[in-house]
Every structure is written in structure tokens, then in C-alpha cells.
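Trainee: Sequence:
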Amino acid sequence: MDHGTHLTESKKRFSKMSRNLLIFSAVLLLSTLLLAALVIRETHNLENSVNITETIVNANVRTLMQTQRELLRLMILLEQGENDSDTLTLQKAFITQRVHESSLSYQMATLGAEELLERADRAEDVWLAEVSPLIDDIIAEENDDDHTLREEAVERLKSLELEFNELVSQGEINRRQEAGRANTVAKATLQSTRRLLGGLILTLCGLIGFVYYTIRSYQHFDKQREADAHRLLEMNQEMHKLSLVASQTNNLVIIADGEGRVE
243 MDHGTHLTES
253 KKRFSKMSRN
263 LLIFSAVLLL
273 STLLLAALVI
283 RETHNLENSV
293 NITETIVNAN
303 VRTLMQTQRE
313 LLRLMILLEQ
323 GENDSDTLTL
333 QKAFITQRVH
343 ESSLSYQMAT
353 LGAEELLERA
363 DRAEDVWLAE
373 VSPLIDDIIA
383 EENDDDHTLR
393 EEAVERLKSL
403 ELEFNELVSQ
413 GEINRRQEAG
423 RANTVAKATL
433 QSTRRLLGGL
443 ILTLCGLIGF
453 VYYTIRSYQH
463 FDKQREADAH
473 RLLEMNQEMH
483 KLSLVASQTN
493 NLVIIADGEG
503 RVE
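If you're matching positions, the sequence shown starts at 243 in this note's numbering and goes up one per residue.
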């Protein structure tokens, strides 16, 4: 094989090596982008799971249950014929406070639905507009002729207590559903994390392979470059020799190799 053929083969090998490195780099870049997209998605899922969990943790069922307890306590006082105005006034104030707390916006974490929060707000309106004035009338009655008022107040209180009981029950159902959804998200995130870990391992192996192939290719290229430089030097020396021969003779110069082939 002559020097020109050697150079041509060297160019082909270099071109092939460059193409392989380019393909390897593109695959590695694509894998990295895919892993980055998976990481972003899993981060978003984790944020959603954390938000759901925080909502469940921030739930304050105690306020709603205290409201029920205060309503029941006032019902018992009225049914027992309690006439002490201070006792009834204090109990009414307790209920007013608890009913108001039960309708505040932070109870959204407890109830889990805007509709339930609106029902709690309407229950407060019923207490303030309908039931509380009845209690005031009972307290203001001096002749203890308030049997009808007490019966009506007890019925209204029963209705309110039932409403808050339903709010507590429905809120518990909503929180369980949210907990189930958070658990589903956590399981999916766990599976995706395992796949992500596998992808990271494959990418790391690919990166190691890429570095190894690059080093080997560079070593091969460096050796090939030295060989080509040596061949070019030989060709230059040969051309110099031919130039000297041609400059010192006027005859036709025929050059042959060691086997007698004319070059």
C-alpha cells in the first residue's frame, strides 16, 4: 500500500471516529435531558404530595367538635330549665366564639371542600340571626313562662348540632380521600424514583463508556497522526531524492520499487 492510500485510510478512520463520538455525545445528551425531565416531574409530584400532607396535618377537627359540645351543653341547660342568666349568657358566648372559629377560612384544611366551608358560614348566620336571639329572649323572660321559647331553641340547636356533625363527618371523608391520593402519589413517586435511579446508573455507565472511548480514540488518533507524519516525512525525503536525481540528469528517470514495479 502506497503513502497516498495510507493517508486516505487515515482520513476515513478519523472521519468514522468523529462520527461515532458525535453519535455517542448525542445519545448521552438525550439521556441527560430525559433524566432532567423525569427529575422535574418527580419534584412536582413531591410538591403536590407535600401540599396534600400539610393540608391533612393542619386540619383542626377539635374546633368543630368543641362547637358541637357547646351546642349540646346549651341544649341540656335549656332542657333542664336553667334560669341563671349568667350561665346562659356565658354558654351563648362560648357558642358564638366556636361557631365563628368553625367558619374561618383556615377550616378549609379541616373540611376539605369549599362547599362545606360555605355550609359552616351559613350555620354561623343561622346561629347569629335565629338561635342567638331566642336565647336572649329566654334570658330576658322574668316570669319563667318560656317553655315554648325553650322548645324552639332546643330544636334549632339540635338542627345546628346535626349540621356540624355532618360537617365533621364529611370533612373526615374528604381528608381520608386526600390521604389516599397522597399515598397514591407517594407510591407512583417511589416507582418513578426507582426508574430514575436505574436511568442514572445507565447514564453513568454511558458516561464512563464515552470517556473510555474518547481516550482510546484520542490515543489511536495520536498514534495514527505520528504514523502519518512519519509517512509524510518519508515521502518528503523521497521527493527530495527524486528532485536531486532529476536535477542532475537530462535523461528520462524511471523509478521502480524493490520488486521491480514502476512507480
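These aren't lab readings, by the way, just hints derived from the structure by calculation.
Note that the Cβ used here is the ideal one computed from N, Cα and C, for glycine as well.
Wrong hints could be hidden among the right ones.
Unchecked claim - Simulated DEER-style distance windows between Cβ atoms: (1) Thr445 x Asn262: 34 to 40 angstroms; (2) Arg261 x Thr295: 50 to 56 angstroms; (3) Gln461 x Ala428: 30 to 36 angstroms; (4) Ala278 x Ala428: 19 to 25 angstroms; (5) Glu289 x Arg458: 39 to 45 angstroms; (6) Asn287 x Ser260: 39 to 45 angstroms; (7) Ala428 x Leu314: 34 to 40 angstroms; (8) Arg364 x Gln433: 40 to 46 angstroms; (9) Arg315 x Ala371: 17 to 23 angstroms; (10) Glu372 x Arg418: 29 to 35 angstroms; (11) Asn407 x Leu272: 55 to 61 angstroms; (12) Leu270 x Phe463: 15 to 21 angstroms.
Trainee: Now, for every hint given, state plainly whether the structure supports it.
Mentor: Consistency of the hints with the structure:
1. Thr445 x Asn262: 34 to 40 angstroms: 18 angstroms, violated
2. Arg261 x Thr295: 50 to 56 angstroms: 51 angstroms, holds
3. Gln461 x Ala428: 30 to 36 angstroms: 49 angstroms, violated
4. Ala278 x Ala428: 19 to 25 angstroms: Holds: the Cβ-Cβ distance is about 22 angstroms, inside 19 to 25 angstroms.
5. Glu289 x Arg458: 39 to 45 angstroms: 44 angstroms, holds
6. Asn287 x Ser260: 39 to 45 angstroms: Holds: the Cβ-Cβ distance is about 41 angstroms, inside 39 to 45 angstroms.
7. Ala428 x Leu314: 34 to 40 angstroms: 39 angstroms, holds
8. Arg364 x Gln433: 40 to 46 angstroms: At 44 angstroms between Cβs, range holds.
9. Arg315 x Ala371: 17 to 23 angstroms: 21 angstroms, holds
10. Glu372 x Arg418: 29 to 35 angstroms: Since the Cβ atoms of Glu372 and Arg418 sit about 33 angstroms apart, the hinted range of 29 to 35 angstroms holds.
11. Asn407 x Leu272: 55 to 61 angstroms: 58 angstroms, holds
12. Leu270 x Phe463: 15 to 21 angstroms: 20 angstroms, holds
Hints 1 and 3 from the earlier list are contradicted by this structure; the remaining hints agree with it.
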